[in-house]
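Novice: Sequence:
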Amino acid sequence: MISSSQSLTHGLSSIMKLLHIRPITASSIAPPLRPLLIQRSYATHHDTAKASNVSRRKAVTPFNDDGFIPWRELSAAEKVSRATQQSFNFGLVAAGLLLTGGVGYFLYQDVFSPDSKTAYFNRAVDRIKKDPACLAVLGEAKKITAYGEETANKWRRARPIASTLKTDAQGNDHLVMQFHVEGPLNSGIVNVHLIKRTGRSEFEYKYLFIDVKGHQRIYLDNADSKSSGGDSKKFRLFGINWT
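Taking the numbering used here as reference, the numbering of the sequence shown is continuous, increasing by one, and the terminal residue is 627.
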């Protein structure tokens with residue numbers, strides 16, 4: 385029985401060889417399927433690697449985002465975190481610009497502007513240092529110092545200048561200042577009153593004087609005395625000033 389089966393198998397093999405028929409094997413079926421299997425295997429490996437890269441890095445939050453991770457690799461939550469961080473940074477920059485502009489405006493109005501109280505303070509001090517009567521009671525001009533109100537601060541230049549700025553019913557601006565001067569001989573208190581009349585671009589002196597203890601008041605400017613002196617040379621008749 386076994387010999388007959390072997391003979392039959394041998395006979396079939398001989399016939400297939402004569403007809404050039406290849407036997408059906410698993411290897412003959414697999415080649416058409418190999419490209420698809422390789423492609424699916426590569427895609428699965430690539431997706432797995434990408435997922436592993438995402439899982440290895442830390443999640444992006446508004447507090448740890450350094451901007452190095454590309455936008456396309458961020459998740460939806462991470463994109464919201466980056467947008468929040470950038471909005472916050474923009475707000476800080478805008479606030480800094482506003483603060484800088486405000487400080488610059490304040491410095492210009494209070495220090496650098498020709499109409500600032502600091503500018504008129506410096507002009508008044510210069511006039512005192514050039515006035516012979518003031519030099520006679522205070523001493524040498526180069527040794528005269530001027531400073532604001534007495535405070536606990538020992539640095540005199542940091543002492544604030546007492547000043548007020550008001551507008552009257554006629555629309556005139558009034559700038560009133562008071563500060564101290566000190567020289568080798570004496571010290572005194574300076575009072576300044578400036579008026580910017582409606583329609584004018586500059587302040588004018590109403591008065592500028594210095595009081596030194598033991599001496600008479602020294603006027604460097606006094607608009608009231610000028611006006612009273614001018615009125616003595618005029619008389620008024622029918623509402624007209626006649627010279």
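By construction, these hints were calculated from the structure, which means they are not laboratory data. Mixed in with the good hints there might be a few duds.
SDA-like mimics (lysine to any residue), calculated; alpha carbons at most 20 angstroms apart, straight line [said to hold, decoys possible]:
(1) Lys550 / Glu586
(2) Lys514 / Gln600
(3) Lys527 / Lys550
(4) Lys514 / Leu569
(5) Lys580 / Asn556
(6) Lys550 / His577
(7) Lys514 / Ser497
(8) Lys442 / Ile453
Listed next, with one range per pair, are the computed distances between beta-carbon atoms [what the hints assert, rightly or not]:
(9) Asp595 / Gly486: 36 to 44 angstroms
(10) Lys590 / Pro446: 26 to 34 angstroms
(11) Lys597 / Ala478: 37 to 45 angstroms
(12) Glu524 / Asn556: 34 to 42 angstroms
(13) Ala478 / Gly451: 14 to 22 angstroms
(14) Lys590 / Ala478: 40 to 48 angstroms
(15) Pro568 / Thr548: 46 to 54 angstroms
(16) Lys590 / Leu569: 22 to 30 angstroms
Virtual Cβ for every residue (Gly too), placed ideally from N, Cα, C.
Novice: All the hints need checking, so say for each whether the structure fits it.
Specialist: Hint by hint, here is what the structure shows:
no.	hint	in the structure
1	Lys550 / Glu586	holds, 15 angstroms
2	Lys514 / Gln600	holds, 18 angstroms
3	Lys527 / Lys550	violated, 34 angstroms
4	Lys514 / Leu569	holds, 16 angstroms
5	Lys580 / Asn556	holds, 6 angstroms
6	Lys550 / His577	holds, 11 angstroms
7	Lys514 / Ser497	violated, 23 angstroms
8	Lys442 / Ile453	holds, 11 angstroms
9	Asp595 / Gly486: 36 to 44 angstroms	holds, 38 angstroms
10	Lys590 / Pro446: 26 to 34 angstroms	violated, 60 angstroms
11	Lys597 / Ala478: 37 to 45 angstroms	violated, 54 angstroms
12	Glu524 / Asn556: 34 to 42 angstroms	holds, 38 angstroms
13	Ala478 / Gly451: 14 to 22 angstroms	holds, 19 angstroms
14	Lys590 / Ala478: 40 to 48 angstroms	holds, 44 angstroms
15	Pro568 / Thr548: 46 to 54 angstroms	violated, 31 angstroms
16	Lys590 / Leu569: 22 to 30 angstroms	holds, 28 angstroms
Consistency with the previously given hints fails for numbers 3, 7, 10, 11 and 15, ordered from lowest to highest.
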